[in-house]
Each structure stands twice: as C-alpha cells, then as structure tokens.
Amino acid sequence: MKLKMSLILSLLLILVLGLAPVVSNAQTVPVPDDDTLVVVQNAEPGALDPSEFGGTGGLNFRILMHMFATLFELGQADGAIDPYLAHSFTISEDGTEWTFHMNEGLTCHDGEPLTAEDAAYSFNRMADPELGFTGNSAGFVNASIGFVEARADGELDVTIVTNKPQNRSMRLGLISEVLIHCKDSYEAMTLEEAARNVVGSGPYSMGEWLPGEYISMHRVEDFGLRDTYFDRIVWRFIPEPSTAVAEVITGNVDILKDFPPTQFNAVANSGVAEARSYPGTTRIYVGFQLNPEAQFRVDNPDDVGAQAIMETDVRVALQYAVDVDAICENLLLTTCTRATSLVNSPNNHPTLEPYPYDPMKAEELLDAAGYPRGDDGVRFSLEMKARRTTGAGGSDVALAIAQMLTDVGVQTEIVFLESADFREQLIYHHLGPLYMGGTGGSTWSAQYDMADIPGHLAGCGAAETNYTNWDNDFWCESWDRLADLSMDTEAERELEIAMLEEFYNDPPWLMLYAGPRVEAVSNRLDYKSRADLFLIVYGAKLKDDM
Amino acid sequence: MHKYIIRRLLLTIIVIIGVTFLTFISIHLSGDPTIFYISERASKEERLEARRKLGFDRPLPEQYISFLVNLARGDTGTSLLHRVPAFGVVMERMPATLELTICGFIFSTIIAFPIGFIAATKRGTMTDGTLMLAAMFGQSMPSFWLGLMFILFFGVTLRWMPVSGHVPFIKPLLEGNTAEAFANLPNALRYLAMPVVTVSVFSIARNSRLIRSAVLEVLRQDYVVTARSKGLTERTVLVRHAFRNALIPIVTVVGLQFAFLLSGVIVTETVFSWPGVGRLVFDAINNRDLPLVQTAVVLLAILFVFTNLIIDLLYGVLDPRIRLE
Numbered sequence: 001m002k003l004k005m006s007l008i009l010s011l012l013l014i015l016v017l018g019l020a021p022v023v024s025n026a027q028t029v030p031v032p033d034d035d036t037l038v039v040v041q042n043a044e045p046g047a048l049d050p051s052e053f054g055g056t057g058g059l060n061f062r063i064l065m066h067m068f069a070t071l072f073e074l075g076q077a078d079g080a081i082d083p084y085l086a087h088s089f090t091i092s093e094d095g096t097e098w099t100f101h102m103n104e105g106l107t108c109h110d111g112e113p114l115t116a117e118d119a120a121y122s123f124n125r126m127a128d129p130e131l132g133f134t135g136n137s138a139g140f141v142n143a144s145i146g147f148v149e150a151r152a153d154g155e156l157d158v159t160i161v162t163n164k165p166q167n168r169s170m171r172l173g174l175i176s177e178v179l180i181h182c183k184d185s186y187e188a189m190t191l192e193e194a195a196r197n198v199v200g201s202g203p204y205s206m207g208e209w210l211p212g213e214y215i216s217m218h219r220v221e222d223f224g225l226r227d228t229y230f231d232r233i234v235w236r237f238i239p240e241p242s243t244a245v246a247e248v249i250t251g252n253v254d255i256l257k258d259f260p261p262t263q264f265n266a267v268a269n270s271g272v273a274e275a276r277s278y279p280g281t282t283r284i285y286v287g288f289q290l291n292p293e294a295q296f297r298v299d300n301p302d303d304v305g306a307q308a309i310m311e312t313d314v315r316v317a318l319q320y321a322v323d324v325d326a327i328c329e330n331l332l333l334t335t336c337t338r339a340t341s342l343v344n345s346p347n348n349h350p351t352l353e354p355y356p357y358d359p360m361k362a363e364e365l366l367d368a369a370g371y372p373r374g375d376d377g378v379r380f381s382l383e384m385k386a387r388r389t390t391g392a393g394g395s396d397v398a399l400a401i402a403q404m405l406t407d408v409g410v411q412t413e414i415v416f417l418e419s420a421d422f423r424e425q426l427i428y429h430h431l432g433p434l435y436m437g438g439t440g441g442s443t444w445s446a447q448y449d450m451a452d453i454p455g456h457l458a459g460c461g462a463a464e465t466n467y468t469n470w471d472n473d474f475w476c477e478s479w480d481r482l483a484d485l486s487m488d489t490e491a492e493r494e495l496e497i498a499m500l501e502e503f504y505n506d507p508p509w510l511m512l513y514a515g516p517r518v519e520a521v522s523n524r525l526d527y528k529s530r531a532d533l534f535l536i537v538y539g540a541k542l543k544d545d546m
Numbered sequence: 001m002h003k004y005i006i007r008r009l010l011l012t013i014i015v016i017i018g019v020t021f022l023t024f025i026s027i028h029l030s031g032d033p034t035i036f037y038i039s040e041r042a043s044k045e046e047r048l049e050a051r052r053k054l055g056f057d058r059p060l061p062e063q064y065i066s067f068l069v070n071l072a073r074g075d076t077g078t079s080l081l082h083r084v085p086a087f088g089v090v091m092e093r094m095p096a097t098l099e100l101t102i103c104g105f106i107f108s109t110i111i112a113f114p115i116g117f118i119a120a121t122k123r124g125t126m127t128d129g130t131l132m133l134a135a136m137f138g139q140s141m142p143s144f145w146l147g148l149m150f151i152l153f154f155g156v157t158l159r160w161m162p163v164s165g166h167v168p169f170i171k172p173l174l175e176g177n178t179a180e181a182f183a184n185l186p187n188a189l190r191y192l193a194m195p196v197v198t199v200s201v202f203s204i205a206r207n208s209r210l211i212r213s214a215v216l217e218v219l220r221q222d223y224v225v226t227a228r229s230k231g232l233t234e235r236t237v238l239v240r241h242a243f244r245n246a247l248i249p250i251v252t253v254v255g256l257q258f259a260f261l262l263s264g265v266i267v268t269e270t271v272f273s274w275p276g277v278g279r280l281v282f283d284a285i286n287n288r289d290l291p292l293v294q295t296a297v298v299l300l301a302i303l304f305v306f307t308n309l310i311i312d313l314l315y316g317v318l319d320p321r322i323r324l325e
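So the protein lines, in turn, are chains A and B.
Positions 1 to 546 (our numbering) are the ones given, in order, by the first sequence.
Positions 1 to 325 (our numbering) are the ones given, in order, by the second sequence.
Pulled out of the complex, with its shape left as it was, chain A reads as follows:
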C-alpha cells in the first residue's frame, strides 16, 4: 500500500516537472530569441540613479548607458569619441568653457522634449552637494574636469564651465561619462524613487527589474541616434562564473564579458558560442609603495627590502626579473604585450621597448645597487599584498611574480588581503612594500591614463590616486604644464612622451600588461567586442544567416 502511494507521488512529481515547459502562462527565466538579447553580469546594481553609478566598469553603468544617452560617446573604435546627443562642440578661448550643440527633435522617455536645459540639469544635479552623490560622476568626473557649473545657453546649447583648460580628448571622454537625464521627471522624484525608477534618454527604456534575477529593457522605437536590433535586452545576474559559462554553453545567454580564462576552451568547444580573448584596458602592475610614512615602514624602520625599493636602480633591476610572456601564456592562456608605462596602446610611448625578461641582468643590477646575495642566497625580503581574485591581476599571477622575484634573490612572500582592507590601504598609500595592482584605463586619451599620477597642484606624491606615492619632480611639474599646452597638440604630445620616458626610467610600477579580456559571444550574434570595461550591446544583431 505504502509502496503504491510512493509510486503515485513520484509519478505525480515527474508529471508536474515534465509539464513545466508547456504551461503557457507560467513565468520563466528569459532566454535568447529573435527579439531578445540576454547578457550576463556577475552582480546586480544597487541603484539605477544616473548620477550615482560607480566606476565606468560598474554594473549599473553598463546597464544605464543603454537607457541614457550622453553628449558624446566613447565609441567602439579604439580612441574614437563620437557625437551622440550633441553633434559638435566649441571651446572658449581660455579653454574653460565648452559649449555642446545638441541635436534637434530629441525626446526623453517620459515624452518630454530633451533640451539643453535637461543636459545642464544632469551635470548640476550630479554636482549638487545637497544630494550627496559620491559615485563616478560626482566623485571623479566632476573633480577631473574642474567642473564649476553647467548652463543652458539656448534651446539646444549647453555650456560646461570648468576652472581650467584641459587636454581635449581627456575632457571630452570624461564628459562622455555623464548620463543625460530629464529634468522634469527627476526633479519630481525623491532620491529613493530615482534609485528604482528610470526615465532615460537612450535607445532602450526600463522594462522589468526582478531583484537578484534580471533587468529587462525595451527598444525605444523613435530613438534615431543609434541603430538597435533587438526589441528587448535582458541583463541576468549570475555571480558564479562557472554557472554563467554553463548558461552560455547551453545557449541561454548571448554575451558574457570577463570569465576565468581556464574556461575558455569549454566555451570555444561548445559549438554554441565563440570564446574571444583580446587586450583590455585595465593596467595590471605591481606597485612599489614609496610612501616614507607607510605604516609598514613606520612599524619596521630597519626593513631592508622596504628601504631598497625606494631606490630607482633596484626598481629597474626588478623589471628584468619578471617573465611577462610566460605569465600570459601559462596563466592567462593568451599572449600579451608588456607595458612600457602606465598608458595603454595606442597612446603609449611610440618607441620605448618593454623591459625584457633577463634574470641575469636583474641579478647584476641588484649586485651593483649594493644588494648582493647573502649566505642563504637572499638579498632582501619583501611582502607583496594581493587580493584573492582570478584573471589578469589575480592570485596566480601574484604567486608567479613572487616566485620570479625570489629566484633573483628577492625573497617575496604574498599576503592576501580581504578586498576591503586592500582598497583601504591602497587609498591611504599604505599598501606594500609591493602590491598587485590594477587600474582602469582608456584607449582614447594618454592623459586619462596618466591622471593616476597628477602634478604638484594636486599634491604630486601625496595625490589620492598616486597610490605608490611616487614623487617625481619632472613628472609632476610637467603634468601641471600640460594644461597650458592643451591648445598646442604637438607640444602637448611631446611633453607626454618625455613624461612616459621618465616613468620608464624611474618606475614606480613593476610594469606588466593591459589585462586581457575573455568574452563569450553567442554564435548567432554579429557583435563587436570592445577593449575597455564598457559593455555596450545595443549594436549587437543576429548574423545574416540566422
């Protein structure tokens, strides 16, 4: 009797599960079809306020930039910055006021006309101290361009007022990170409402947001500034990379940017998706902490290693000890080009050759610098701080570098820190003596990449983003001069090149590479990957034969 009951129950369960796909009005997880593009992100954005996204690689920025347009757009092609809501711009004689001329006939998703007043409002809103925004626009763009105010100088002309002239590409690129939103709707919303409700200005409008699951968005039919091909884009949130890869392999996902290179072959051999590997823009390096007041130096003033890396000769010697090609081939499963400075291709130094892997030379230079091997074979010891992550700047790479340094007599021990501790010590210039670093970069401006280490006016060695505390007079003086040369492109580039040479000769970084990106793209798609952290998919379309 009981056996019968168990059998009936089991059959019932199988029936219910089997019926699942054919119950027509049941909700299910979105999958790709002719009208729907499915993209994966590893985490969900917290809020979708256009003034409050984190970095440009941030989760909410990637989503928001499909729903909001910008005055200009950081284009798909390397170094390109394309017109978007604005078709052109003019610069005042002193270089401090930039007036953007917007296209006619633009509309917001609330149906209102999109004008210069909305653009000015967007800039002023993100800078409004009362609103307390701390994200990328308010905390980075604002300070980087020296934002003073934005004003509408007519129906379609918006002027961004700054306190300094600046390199054209850099400023245009930064302004292209500010999302333009619609004044009437956002003025009517509280911050809390604006965190969940999106009234955009871009090619897609907000659809459904199922917390922890996905955000969907729908094509704006009359948006004429960009070609779009899918009626719906769905952003699924899958935190575990292996699960995300499994979804790609089973055809449930179209695009997955940045997954562990160890799973490259799984995607490549799936027959469903293409695995792409290409140089990214995140600059991966090992930082030499040069802050004389860093906590580890204060705690242990007799630490030979911590003092040794203060010397340029030692830092140059260590460049020869690291085999970047081997790291890329064996750990990242790709090839990469070693960096010669902190600037990405194509804006890096045009002629400098990367330091070659030559451990013998490293040893010679260390001997010459006054650090011979001791009886135990050790010249001095160092600690390298790292995060437990995977990929281009991950734990494996840190361990490999530590071993390579140890091989030339610099006994290096890895100390893994929790992400929050790492970030805190980094920001306060206490991380070191060595640390495994990675910082976002660009393809469109040398100075954007160089801005990590600003001039004397911004504090030089003590400047916030100068995490190694590198205090190089030539660099810092030159940086301050760059602003005055912004109208003389040739002289400006000449000075940039001289600065990059200085960086190469007095390196605050152990230079590695622009972190390679690994991306999975469904075979059904015609989609161009991009090197930077952005993920812009509105241009993706089905292949002609699909």
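Everything labelled a hint here was simulated from the structure, so no lab data went into it.
Take these hints with a grain of salt, some might be off.
Claimed, not checked - A partial selection of chain A residues facing chain B, derived with a Cβ cut-off under 10 Å: (1) Ala43; (2) Glu52; (3) Gly135; (4) Ala138; (5) Glu192; (6) Leu210; (7) Glu213; (8) Ile238; (9) Ala246; (10) Thr250; (11) Ser419; (12) Tyr428; (13) Gly459.
Claimed, not checked - Across the chosen pairs, the derived CB separations fall in these ranges: (14) Gln295/A - Arg58/B: 21 to 27 Å; (15) Thr312/A - Ile65/B: 49 to 55 Å; (16) Pro142/B - Pro359/A: 37 to 43 Å; (17) Arg388/A - Ala72/B: 36 to 42 Å; (18) Pro359/A - Gly88/B: 54 to 60 Å; (19) Glu193/A - Ile14/B: 33 to 39 Å; (20) Lys543/A - Ser140/B: 43 to 49 Å; (21) Ala268/A - Pro142/B: 24 to 30 Å; (22) Asp75/B - Asp396/A: 44 to 50 Å; (23) Asp75/B - Leu131/A: 18 to 24 Å; (24) Asn523/A - Ile65/B: 57 to 63 Å.
Unchecked claim - To list a few chain B residues with every Cβ distance to chain A over 12 Å, as calculated: (25) Leu9; (26) Ile25; (27) Leu247; (28) Asp312.
What you are looking at is a predicted structure, and each value in this text was computed from that prediction instead of being measured.
All residues carry an ideal CB built from backbone N, CA and C; glycine is no exception.
For this one, chain A is given, so just place chain B on it according to the hints.
Frame of chain A, contents of chain B only:
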C-alpha cells in the same frame, strides 16, 4: 506556558541587541565603510564629506545607539548600496530563500528519517554500512562542488534541468496572485530541484546519522526489551515505543536545521543564481552596507529564536513529562 512564551519573546530582544552589536563591531573593525561609497580618485576632502553624509563620522556608540532607537521605531535605515529602505530590500528576497529553505527542509527530513531508521534497525548489516557510507560522503561533499557537478551533469550534459535561475511561487502567493503562483508551480519546481538537492545533501547525511544513533540508543532501553518480551510485534515496538522516544534529540537538531538552512544557503544561492537573502547579505557584507546587513541579521535572528521556541514547545507535545515553565 504563556509566561514561558512571553519570557522567551522578551529574551529575543536581548538576542537581537547581541547580534546587531556583534555585526556592527565586526563591520567597523574591518575598516571604514566610506571607502566603498566614494571614487578611488576622490580627494581627502571629498572622502571626509562622504563620510559625514553617510553618518560614519559620528562616534561608534552614537551610531549604534541611533540604530537601536530607529530599530525600535521599526526603521532599519536606508541601504547604502540600494538607496532604498533596507527592510524592503531584504523582504523582497525573503520569499526566494523561504522557497529554497522550506523545500530543502522537507526534502532532507523525508529522506533522512527512513535512512536513519532503516540503518538503525539493520545495524551491522550491509544495508547499514552502505547507507552510513553514503551519509559520510554526503557530509563530506562541499555544496559548491556538488552544485556545480549537478549543473554540469543535469544542466549541461543531459539538459534535463535548467542551469540556474528562479521562478517565484511564494511571492505571487503572498501578493494574492494565487493563479499566477500555481501557474508558476511546475516551472518553480524545475528550477528548485537542483538547488534543493544541493542544499539538502549535507542535512540528509547528518540527520540520518543522528537518527540512527538516537534510535539505536532507544532500542537498548529497558522499556523496549519489556515491550518485546510482552510479545508486541517488532513494528509496534519500533514505531510506538522506540521511534517516539528517539524523537526529542532528533527534533532539536532537525528543527535547528531549518534555521541553519535559512541563514546558510549563501553558497547554493550563489551557485544557482538564486535571488535570496543569503546572496544579498553576502554582497552587502562585501560592500559594507551596514544597514542592509543589520536588517538581515535582525530578521534571521528573529526567525532563529522562533524556531527554537517552536522546538521547545514540541518537547512538551512529544513527551508529556516535560513542562515548560
């Protein structure tokens, strides 16, 4: 009985103060949360300003007392990451976690009882050995590995099960959309199957071993020998005399299992991309979203205490000699 319940509920307040205090201290011990809410390029002045706006510039005791006062008013604060009230964010995710936990609890209990019981009654036989070996494997397998293996085998290779995701059942039910909830049920079960098994394996293994030893312990008691010597059938001896008396230690552990499942499904939720509280809290801790972590901790602590209370009340039902005072 009533006095006992009231006293236990009052004790809940002390528990909540304790857990929120520990959470508060541990989050602040791991550094200044402000750094998660500013650009890495922010100047010192901007950092200080952000700190002030977020309220982290106030002395820690003041921050904590202010949290408790607001909690007493039913206000758990605004999530720093989500920028909306933290309570709402946690409650949005609670139904998904409850689906996983309740199903995991039921499934693990249904499977663990017969395994433990059979192993005890067949002590020393091949059946006992096989079942306990399987239980040992189940207890040893990390759930993230098991989850990924299920995905690989049933999701990718056989394509029988969806790899990840969630279809809601409890949420539409709570919102009064009964038709939607039941229309979703078949899909909900399909998406639940692998996470539930993953989350249950450890519980099944542990509980079946515990049940086996509890039943064995009872089988050695004099009253069982007496029952047998009275000529009762083996089935009556086992079910009416042994099993019921073995239930007290089992109920304690199985009951707490529910609370552990509720607060401990982070790994399973992450592997299967399940939109529950565990994943939410994990992200909140990584982002030092103190109001959100505190809110989740308070809610989970309340559930824990209530589960304990229910277990205590069950003692009285199972064994009338136990009186709660």
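Now the hints, each set against the structure:
no. : hint                            : in the structure
1   : Ala43                           : holds, 6 Å
2   : Glu52                           : holds, 7 Å
3   : Gly135                          : holds, 7 Å
4   : Ala138                          : holds, 8 Å
5   : Glu192                          : holds, 5 Å
6   : Leu210                          : holds, 7 Å
7   : Glu213                          : holds, 5 Å
8   : Ile238                          : holds, 4 Å
9   : Ala246                          : holds, 5 Å
10  : Thr250                          : holds, 6 Å
11  : Ser419                          : holds, 7 Å
12  : Tyr428                          : holds, 9 Å
13  : Gly459                          : holds, 9 Å
14  : Gln295/A - Arg58/B: 21 to 27 Å  : holds, 25 Å
15  : Thr312/A - Ile65/B: 49 to 55 Å  : holds, 53 Å
16  : Pro142/B - Pro359/A: 37 to 43 Å : holds, 40 Å
17  : Arg388/A - Ala72/B: 36 to 42 Å  : holds, 39 Å
18  : Pro359/A - Gly88/B: 54 to 60 Å  : holds, 58 Å
19  : Glu193/A - Ile14/B: 33 to 39 Å  : holds, 37 Å
20  : Lys543/A - Ser140/B: 43 to 49 Å : holds, 47 Å
21  : Ala268/A - Pro142/B: 24 to 30 Å : holds, 28 Å
22  : Asp75/B - Asp396/A: 44 to 50 Å  : holds, 46 Å
23  : Asp75/B - Leu131/A: 18 to 24 Å  : holds, 21 Å
24  : Asn523/A - Ile65/B: 57 to 63 Å  : holds, 59 Å
25  : Leu9                            : holds, 31 Å
26  : Ile25                           : holds, 15 Å
27  : Leu247                          : holds, 20 Å
28  : Asp312                          : holds, 32 Å
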